[in-house]
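S.K.: Using the sequences plus the hints, can you model the full thing?
Taking our numbering, the leading residue of the sequence shown gets 9, the next gets one more, and so forth.
For the record, the hints were derived by calculation from the structure and aren't laboratory data. Some hints here could point you the wrong way.
As the list claims (entries may be wrong) - Simulated crosslink set (DSBU-like; lysine-lysine; CA at most 30 Å straight-line):
no., residue 1, residue 2
1, Lys77, Lys34
2, Lys13, Lys34
3, Lys20, Lys134
4, Lys20, Lys77
5, Lys20, Lys34
6, Lys169, Lys123
7, Lys161, Lys123
8, Lys161, Lys20
9, Lys104, Lys77
10, Lys123, Lys77
11, Lys20, Lys104
12, Lys134, Lys77
13, Lys104, Lys34
14, Lys169, Lys134
15, Lys161, Lys134
16, Lys123, Lys13
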Amino acid sequence: YEGLKGGLDFLKDDENINSQPFMRWKERFLYSMEAVNRAVAASGEVKGHYLNVTAATMENMYERAEFAKALGSIIIMIDLVIGYTAIQSMAIWARKNDMILHLHRAGNSTYSRQKEHGMNFRVICKWMRMAGVDHIHAGTVVGKLEGDPLMIKGFYNTLLKSHLEVNLPQGIF
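M.R.: Below, the structure is given as structure tokens:
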């Protein structure tokens, strides 16, 4: 609540928080949306919280997404590790339910950290956009998903633009 009231537009669940015994998803969703609603009432601005609906099965993810929608959430979050079929299924659900779908890149390093035989995160970015994801946690220049500032800018440009000119410092070949 304090962050939203203080000027932030959105907050998010941590990508690793799904439904551990110390923090069950349903209670977390209730508390998060209570804070969102209080901040909206106090500020008169649009606010939100990326509710992480990632779960072990599609049925569980749909249940969580439906609950988020019933609480008035406008956005849900999934993790890359759920796999491409599940990502597309959640994107279809989000379209049908007029919800924004955020993808956290949790698990991307299994593809992108290997320089010799890995996959550049840019490919994952485009792939996820084609799968129907609205926006993606594309990294930052500080923190645990940090990267070279120009490389991160290249990731953002990949997501924002339909055509990119060659830009070697940003990793655009």
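S.K.: If a hint holds in the structure, say so; if it does not, say that too.
M.R.: Here is how each hint holds up against the structure:
1. The suggested pairing of lysine 77 with lysine 34 holds, with an alpha-carbon distance near 12 Å, which does not exceed 30 Å.
2. Between lysine 13 and lysine 34 the CA atoms are separated by roughly 23 Å; this keeps the pair inside 30 Å, and the hint holds.
3. Taking the CA atoms of lysine 20 and lysine 134, the gap is about 22 Å. The hint holds against a cut of 30 Å.
4. Taken as a hint, the lysine 20 and lysine 77 pair is honoured in the structure, with Cα atoms around 16 Å apart against an allowance of 30 Å.
5. With a C-alpha separation of about 15 Å, the suggested pairing of lysine 20 with lysine 34 holds against the 30 Å cut-off.
6. Under the criterion of a C-alpha separation no larger than 30 Å, the hint pairing lysine 169 with lysine 123 is consistent with the structure, at around 25 Å.
7. Simply put, lysine 161 and lysine 123 have alpha-carbon atoms about 19 Å apart, close enough for the 30 Å limit, and the pair holds.
8. Taking the CA atoms of lysine 161 and lysine 20, the gap is about 22 Å. The hint holds against a cut of 30 Å.
9. Proposed proximity of lysine 104 and lysine 77 is supported: the alpha carbons are some 12 Å apart, at most 30 Å.
10. Pair hint lysine 123 plus lysine 77 does not hold up; C-alpha atoms about 40 Å apart against a cutoff of 30 Å.
11. Straight-line distance between C-alpha atoms of lysine 20 and lysine 104 comes to about 22 Å, which keeps the hinted pair within the 30 Å bound.
12. The straight-line distance between the Cα atoms of lysine 134 and lysine 77 is roughly 27 Å, inside the 30 Å bound, and the hint therefore holds.
13. For the hint pairing lysine 104 with lysine 34, the CA-to-CA distance comes to about 22 Å; that is within 30 Å, so the pair holds.
14. As the CA atoms of lysine 169 and lysine 134 are separated by approximately 10 Å, the hinted pair is consistent with the 30 Å bound.
15. Restraint check: the Cα-Cα separation between lysine 161 and lysine 134 comes to about 15 Å, which is no more than 30 Å; the hinted pair holds.
16. This hinted pair does not check out: lysine 123 and lysine 13 have alpha carbons roughly 43 Å apart, beyond 30 Å.
Of the numbered hints listed earlier, those contradicted by the structure are 10 and 16.
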